[in-house]
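> For this one, chain A is given, so just place chain B on it according to the hints.
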Amino acid sequence: MWAWLLKRLGQILPTLLVLSFLIFGLQQLMPGDPALILAGEERGDPQVLAQIRAELWLDRPLWEQYLHWLGNVLTGDFGFSWRIRMPVAELILQKLPVTAQLAIMAFLIGTLIGVPMGILSAVRRDRPADWLANAVALFGISTPNFWFGIMLILLVSVQLGWLPPSGYVPLTEDFWQSIATTIMPAFVLGTNVAGVLMRHTRAAMLTALSQDYIRTARAKGLTERVVVWKHALRNALIPVVTLGTIELGRLLAGAVLTEQIFTIPGFGKLVVDAVFNRDYPVVQGVVLTTALIFVLLSLVADLLYMAINPRLRQA
Amino acid sequence: MSTTVATPASVERGESPARRAVRRFLRHRIAVFGLAVIVVFVAVALLAPWIAPYDPVQTSWTAIRKAPSAAHWFGTDENGRDVLSRVIWGARASLMAGVVSVLVAVAIGVPIGLIAGFAGGWTDAVLSRIADAMLSVPFLILAIALAAFLGPALENAMIAIAITFSPVFVRLARGMALDAKCTDWVEAARALGNPPWRIAVRHVLPNIIPPLLVQGTLAIAEAIIAEAALSFLGLGQQPPAPSWGSMLNSAQRFLENAPWLAIFPGAAIFLVVLSLNLVGDGLRDALDPRADRR
Numbered sequence: 001m002w003a004w005l006l007k008r009l010g011q012i013l014p015t016l017l018v019l020s021f022l023i024f025g026l027q028q029l030m031p032g033d034p035a036l037i038l039a040g041e042e043r044g045d046p047q048v049l050a051q052i053r054a055e056l057w058l059d060r061p062l063w064e065q066y067l068h069w070l071g072n073v074l075t076g077d078f079g080f081s082w083r084i085r086m087p088v089a090e091l092i093l094q095k096l097p098v099t100a101q102l103a104i105m106a107f108l109i110g111t112l113i114g115v116p117m118g119i120l121s122a123v124r125r126d127r128p129a130d131w132l133a134n135a136v137a138l139f140g141i142s143t144p145n146f147w148f149g150i151m152l153i154l155l156v157s158v159q160l161g162w163l164p165p166s167g168y169v170p171l172t173e174d175f176w177q178s179i180a181t182t183i184m185p186a187f188v189l190g191t192n193v194a195g196v197l198m199r200h201t202r203a204a205m206l207t208a209l210s211q212d213y214i215r216t217a218r219a220k221g222l223t224e225r226v227v228v229w230k231h232a233l234r235n236a237l238i239p240v241v242t243l244g245t246i247e248l249g250r251l252l253a254g255a256v257l258t259e260q261i262f263t264i265p266g267f268g269k270l271v272v273d274a275v276f277n278r279d280y281p282v283v284q285g286v287v288l289t290t291a292l293i294f295v296l297l298s299l300v301a302d303l304l305y306m307a308i309n310p311r312l313r314q315a
Numbered sequence: 001m002s003t004t005v006a007t008p009a010s011v012e013r014g015e016s017p018a019r020r021a022v023r024r025f026l027r028h029r030i031a032v033f034g035l036a037v038i039v040v041f042v043a044v045a046l047l048a049p050w051i052a053p054y055d056p057v058q059t060s061w062t063a064i065r066k067a068p069s070a071a072h073w074f075g076t077d078e079n080g081r082d083v084l085s086r087v088i089w090g091a092r093a094s095l096m097a098g099v100v101s102v103l104v105a106v107a108i109g110v111p112i113g114l115i116a117g118f119a120g121g122w123t124d125a126v127l128s129r130i131a132d133a134m135l136s137v138p139f140l141i142l143a144i145a146l147a148a149f150l151g152p153a154l155e156n157a158m159i160a161i162a163i164t165f166s167p168v169f170v171r172l173a174r175g176m177a178l179d180a181k182c183t184d185w186v187e188a189a190r191a192l193g194n195p196p197w198r199i200a201v202r203h204v205l206p207n208i209i210p211p212l213l214v215q216g217t218l219a220i221a222e223a224i225i226a227e228a229a230l231s232f233l234g235l236g237q238q239p240p241a242p243s244w245g246s247m248l249n250s251a252q253r254f255l256e257n258a259p260w261l262a263i264f265p266g267a268a269i270f271l272v273v274l275s276l277n278l279v280g281d282g283l284r285d286a287l288d289p290r291a292d293r294r
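These protein sequence lines map, in sequence, to chains A and B.
This note's numbering puts the first residue of the first sequence at 1, with every later residue one more than the last.
This note's numbering puts the first residue of the second sequence at 1, with every later residue one more than the last.
Source of the hints: derived by calculation from the structure; they are not laboratory data.
One thing to keep in mind: the hints can contain errors.
As the list claims (entries may be wrong) - Beyond 12 angstroms from chain B on every Cβ pair, some chain A residues (computed):
1. P128
2. V169
3. K230
4. R250
5. V256
Said to hold, decoys possible - Covered by chain B, per the in silico footprint, the following chain A stretches (three or more residues, Cβ under 8 angstroms):
6. 141-150
7. 183-189
8. 257-271
9. 289-296
Beta carbons are placed, not taken as given, at the ideal position from N, Cα and C, and that holds for glycine.
For reference, chain A alone in the conformation it holds in the complex (with noise of 0.2 angstroms):
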C-alpha cells in the first residue's frame, strides 16, 4: 500500500508543477500592464510605476518572477486583491465555509436522492420505478443549473413566496435562516449530483446483481432483501464511494453559476466580481485553490477505495 501511494503522490506532485506553469502563464497571457491597472491615478509619474514594478518583482527576468510567486504560494502567500487591497489567501478563507456549506449540502441531497434511487431502478429493472428514476436522472443531468435556479425562485420565492430568492446568512449568525437561505441552490446543485450518482449506483449494482456470488446467495435460499442490501450492495457501492468524493469536489468549484444567481458570496461570486475587475491575483489564487481541492479530494477518493475494498489492500 505505501509503494501505492509514493506511486500516486508521484504522479500529484508533477502535476501540481504543471498546474503551477499553466496559472504562472496565464498572468503572462493578461492584457494591459499590471504596474498601470495598479497605479490608477498615478499612472503619469514613472517613479511610482518603477517602484510598482519593483515591489511586484516585474522588473525581474521570468524566471525569476516565476520562483518567487512559487515560493510566495508555497509559503501561503497567494498575493494581494488589487481591488479590494486584501490578502487573497485571506480573501480565500473567508469565502470557503460559504461555498463547503453549499457543496455538503447539496451532496446530502444528492447522495439521498441519487443513490436510493439508483438501486431501486437497478432491482426493479426495465419496470415503471427504472424508467423513472431514469427520467429524473436525465432531468438532473440535462438541466442547467442557472436556469433550474431561475425557474425555482419563480415558483418558490415569487409565486409562493415561501423562501427569499437571494441573500445569505451565515450558520453561526442564525442556523435556520442560513438553512432557507441555502436550500433552494443546494437543492439545485444536488439535482445533477443525483442524476450522476443514480446513473453511477445503477450501472454498479447491476454488475453486482449479475455476479455467480449473488447466484450462490440466491441458490442458498436467502431472501432478496438480504441478497440485495447485504450481498450487493456492498460490492456496488465502492465505485459509488469513490465517484461520490469527486462530486463532491466538483461541487466545492462549480457553484459558480448558482451562487450568481443566488447572489450567495462564496467562491463562484468570488472568481466572477474577480474576473470583471480584472483582479489577476483573486483569479490566480481561486483557480489554484480549487484545482488544489480537487486533487486532494480524488486522492481521498482513491483512498477510500483502497479502505473499502480489502482486496486491494494486500496487493
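Leaving out everything else, chain B in the frame of chain A:
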C-alpha cells in the same frame, strides 16, 4: 449456456459494423426522438432569417415586456424585441458554439493523445501531466478564467471552451492508442515496416471513432451549457446579438413581471441538451460491441 462460441446475428447477416450500429440506434426510440429534436433545432438555426417572425434586434417602445400573445408567441423583452425571434436566432449561437468548440477540442486533443500514447516515455509523461493539470481545474472556472483573459466575445468563449475540453480527448485518444499498441494487427502493421504515424492514422484512428462519437455528442451538450453559462456572465455573445445565456441573464431582473423572458430561452437550452444526452446514450449502446446480445 453452451460452450460453443455464439456467432452474433449481425455477423451471420454479413452486416457492416456501421450498419449494425445504425440498426441498433434506430431501435432506441427515445434516442431517435432526441435526434429528431436536434434536427429540428439545426433546421431552425439554419433557416433563422426566413422563419423568425421579427428582426431579433429590432426594438419597439410600444411593445415592452408584453406577455405571450398571438402576435408574439413568446412575448417581448425589456426593449420590446420579439422573444421567439431571439430564441430562434439564439439557436445559431448556441449550436455553433457547441459544435465548433468540440470540433476544435477534438482537433487539439486527439493528435496529442495519439502522440502521447504511441511515443510513451517522457513525451507521454509530460503530455499526460499537462492534461491532468488542466483537468484538475474545475471546468467552468478554467473556461471563465480563459474567456476573461481573452476578452468577452463569442469566438473567445468558443476558444476557451475548446481549450478546456481538449484534455478529455487527449485522455480518450491516449487510452485507445495504448490499447491498440498491444493488438496483433498493430504488431503486424509494424512488422510490415509501417511508420508509427501511419499506424496511428490508418489503424488506430478509425477505432477511436466510435468512442469519439459518443464522447463528442455528450461534450457538445456540455459545451452548449458552457456557452450559455459564459454568455450569462457576459463573457460570450455580446448584446444586442441574441444568445440563450445572455437572454437568461437579463430575464433575471424581470422575474416578477415578465417570467416568460426566463422560461423560453432556458427551455430551449434544456431541450437541446436533453436531446444530445439521449442521442449520446443511444450511440453508446449502439456502438458498444459488448452490447451485442441486447
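> What hint numbers does the structure not satisfy?
4, 5 and 7
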